[in-house]
Amino acid sequence: MKAMVFSEKDDLAGQILTMFRGKFSMDLFTTSQSDLTNYGADNVFQIKGENAFVDNLSDLIKENFRSGGYDLILIGSSVLGRELASVLSEDLGFEAKTEIMSLELKDGSVITERFFFGGKSIIKEESKSKIFTILPGLVDPVPVDSKSNVKELNLDKQSKIRLVEAIEKPKGNVNLEKADIIVSVGRGLGKKEGLSLVQQLADLLHGEIGGSRPVCLDYHWLSEERQVGLSGKRVKPKIYIALGISGQVQHIAGMRGSKTVIAVNRDKNAPIFNECDYGIVGDLYAVVPKIIEAMKK
Amino acid sequence: MYNIIVCFKQILDIDQMKIDEKTQEPITKNLPYRIEDLSKNAIEEAVRIKEKHGGKVIGITYGGDQASLAMKEALAMGVDEGIIIKGCKGHDPEATASVLAKKISQLQYDIIIMGNASADSYSGLVPGKVARKLNIPILGNAIKLEMVDKKVRITRSIEDKNVVLETDLPALVTVEQEINEPRLPPLIQIMAAGRKPTKVEEISPDRVTTTVVLSNKAPKSDRKRIIFEDIDKGVMEVVKVLKGEVR
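Which chain is which? The protein sequence lines are A and B, in order.
Residue 31 is where the first sequence starts when you use the numbering used here, and the numbers rise one by one after that.
Residue 1289 is where the second sequence starts when you use the numbering used here, and the numbers rise one by one after that.
If you are wondering where the hints come from, they were derived from the structure by calculation, not from laboratory data.
Please note that the accuracy of each hint is not assured.
Derived Cβ-Cβ restraints for the label pairs, each shown as a range [unchecked claim]:
| id | chain 1 | residue 1 | chain 2 | residue 2 | range |
| --- | --- | --- | --- | --- | --- |
| 1 | B | Met1289 | A | Lys92 | 35 to 45 Å |
| 2 | B | Thr1498 | A | Gly99 | 14 to 24 Å |
| 3 | A | Gly220 | B | Ile1514 | 18 to 28 Å |
Computed footprint of chain B on chain A; a stretch qualifies when at least three of its residues, placed anywhere within it, have a C-beta under 8 Å from a C-beta of chain B [as the list claims (entries may be wrong)]:
| id | stretch |
| --- | --- |
| 4 | 45-58 |
| 5 | 123-135 |
| 6 | 283-297 |
| 7 | 300-310 |
Source: prediction; values computed, not measured.
For every residue, glycine included, the Cβ atom is placed at its ideal position computed from N, Cα and C.
With the sequences and hints as input, model every part of the structure.
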């Protein structure tokens, strides 16, 4: 089986090549100009050209899929990646499964698993799909000794989309995916000023601060890169402390990989208490100072 | 003046969904339906374009027997005409895209708006497929949308940046939650919604999925679930755990 891998992101490309190594022979197609030759792809096709958008990229991938004799397409599940999957699915006439966490071949069919009902369940499906986007963070990229051949591809087709302006999102040095300890806050924080207390705890534990979707995207108390959840970061720290987080399924899906989960919430019926190892029913403003005090002893 | 089409989806209220302790399967029986989260943002944005520039909003939903409820809500929010396509047999992006594109191709439109992915199945496959079937450009993940003459300009939110993109109409735009706050329609509009024209149609899809569901169960959770209602006892235990892990 020969798989075509696409990701514009170095980390996702490395993850997919690591995850499916030995299972498929793979060629990587990427707009990234980084050196990705040591992850086990037979060939790395670097796509050159300004203004790569979903339409002209999918045309290029489609042509190469046909000429390259590939059996399936594995795409990094980013915003662009999911969009490409949908467009390619139509153009090539193949079904697609997005955000999958496992893939198994069985008598000409494919068995995949993905989150369903907003993360409440995992659905296992058998289908004839040939295009897949792979959930980020399933494996760490592991390099190999051999080197891929590098080839260049020119994106010469014009896109119908024009770039007017690109605005970099404020970049901190946060890497929640790599953090050992995360102290995460939800709506229960009540006010932005409450963050100073949370920061004290995070500092004491040498941890990072994370947050739920409303806290990061609606109230902007925290930057977007700190959002934990299905549509944010998927984290797997040793300890995840959820403060004032009710535990909506989308949030749980982002922190399910945590080793130990500690929850503090005023509402004893909050769903987070079903997804924690240790829970304290109480106001975070009453509980957190006590934890800080006891940790200092 | 723009002819605006908004496609929206009705879903089971997943926030109220419980898991069957024995089978570990989600319980879908007797669960209420609601308009899907991003679909609401899509409806809101469609109505805002009409309010700003004039024109007409046609709402389309491909659904089951309860779809008229969702359509009523959409009409109350400001959609002018409703088209309900019957016969949806569950999660099938192939069928949904096929049916929506067939219907849309019979209509006049400048812009089509949809949610970027639905909160329940989260495949995100329908918008791209519809755009390709109609042979129009797709601008995805908009957190801001402006109509500029015969063009649409959006701010697209991707992982590390926001990009401002532009394309000629007709086009399909998908929206993110941050784009707006969907309105709660006042009673008078809810009453008026009943008088707005709604058509019910049947369209059969050209393609259906080959997918067979093998299982659909809650992820295994081996959490200890030790809950303290006494704060001091809870803090003692938690600090013990933390001290074991933090050096």
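Quick rundown of the hints versus the structure:
1. A beta carbon spacing of about 37 Å between Met1289 of chain B and Lys92 of chain A agrees with the range 35 to 45 Å that was offered as a hint.
2. Between Thr1498 of chain B and Gly99 of chain A the beta carbon distance is about 23 Å. The supplied range of 14 to 24 Å therefore holds.
3. Range check, Gly220 of chain A to Ile1514 of chain B: Cβ separation about 26 Å, and the 18 to 28 Å hint holds.
4. Here's how the stretch 45-58 of chain A fares: 0 of its residues keep a CB closer than 8 Å to some CB of chain B, so the rule of at least three is not met and the hint is violated.
5. With a threshold of 8 Å between beta carbons, the proposed coverage of the stretch 123-135 of chain A by chain B holds, since 5 of its residues qualify and at least three are required.
6. With 4 residues bearing a CB less than 8 Å from a CB of chain B, the stretch 283-297 of chain A meets the requirement of three and the coverage assertion stands.
7. Three residues within the 8 Å Cβ limit are the bar, and the stretch 300-310 of chain A against chain B gives 8, so the coverage statement holds.
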